[in-house]
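Starting from the known structure of chain A, arrange chain B on it as the hints suggest.
Here's the letter readout for the chains.
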Amino acid sequence: MITSIAHATIYVLNQEEALDFYINKLGFEVGDDMQVEGDFRWLTVYPKSNSQLQLVLAEPKEGPMFSKDAADKIRNLVKEGAFGAGVFETENCQETYDALVAKGVEFMQPPTEQLYGIEAMGVDNSGNWFSLVQR
Amino acid sequence: MATSYKLTRLKAGRDYIADNFQTPLSLSDMAQRAYLSPYHFLRVFKHTYGETPNEFLIRLRVEQAKKMLITENFSISEVCERVGYTSLGSFSSLFLKQTGMAPTLYRRKLWALSAEPFCFPARAIPACYAFHFLGK
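Chains A and B, in that order, give the protein sequences.
Per the numbering used here, the first sequence starts with residue 9, numbered consecutively.
Per the numbering used here, the second sequence starts with residue 2, numbered consecutively.
No wet-lab data here; the hints were simulated from the structure.
For glycine and all other residues, C-beta sits at the position ideal for the given N, C-alpha and C.
There are no misleading hints in this set.
In silico DSBU-like links for lysine-lysine, alpha-carbon gap of 30 Å or less:
| hint | chain 1 | residue 1 | chain 2 | residue 2 |
| --- | --- | --- | --- | --- |
| 1 | B | Lys110 | A | Lys69 |
| 2 | A | Lys56 | B | Lys47 |
| 3 | A | Lys111 | B | Lys12 |
| 4 | A | Lys111 | A | Lys33 |
| 5 | B | Lys68 | A | Lys69 |
| 6 | B | Lys47 | B | Lys7 |
Which residues of chain B face chain A? A partial, calculated answer using Cβ under 10 Å:
| hint | residue |
| --- | --- |
| 7 | Ser5 |
| 8 | Leu8 |
| 9 | Lys12 |
| 10 | Tyr50 |
| 11 | Gly51 |
| 12 | Ile71 |
| 13 | Leu114 |
| 14 | Cys120 |
| 15 | Pro122 |
| 16 | Ala123 |
| 17 | Ile126 |
| 18 | Pro127 |
| 19 | Tyr130 |
Ranges between beta-carbon positions, derived for each pair:
| hint | chain 1 | residue 1 | chain 2 | residue 2 | range |
| --- | --- | --- | --- | --- | --- |
| 20 | A | Glu99 | B | Ala116 | 40 to 50 Å |
| 21 | A | Glu114 | B | Lys110 | 36 to 46 Å |
| 22 | B | Ser29 | A | Glu88 | 48 to 58 Å |
| 23 | A | Ile13 | B | Asp30 | 33 to 43 Å |
So here's chain A without its partners, still in its complex pose:
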């Protein structure tokens, strides 16, 4: 039986800039920040109240799985907002939204009543969309 999800990937354009966004804007914490052989930086973040699911901030680069062309395509798709970072939950959508806007986080949709709760929709500094949901 699978019991939980431990890691999920977010493709970012620049790990250092993404780290700054997720830590200093969204208020996440660093999970792992390891220099791995082969010039790879294993970088994960997680929301403070849940260290069980770590988001891997990964740069699409030419390597074993991506040709240069494929990596460039993914980077462009990230920039264009073709990928979503998922749904972040909050206890108070309006309050969190206000705090994030004050920090300069860009939102495409302010807190709005939905069937499943109150939701705002933002974008990280790579171009990944995310929902901020109060259930």
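Below, chain B without anything else, positioned relative to chain A:
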């Protein structure tokens, strides 16, 4: 779950731990930063973050120690001190409990697996990522 006001105070206590984990910290020190009694701080912290303040402190120290053991050439005693422990015995036993290996073995094993000095080996990260990004 804590109220917004209480969350702000809790966060102050948690940030204090995160900013000062390299120094000896007591529950009273942490609770004081949150303007809560030690018992109340402990209870609400656990309820909100899913771990006690001390578990959080140990996690931060062990994670930092893991990184130092691989990427620096400090002795085990130096690592122990630099992550906030005064007793090598306590450090070693907590490290063992968290990682399943004593600090010396952890360093020896991971260094042996890495093709590059002072880098984590590909086997230190989940295999799907190692294969995906490193081809290993």
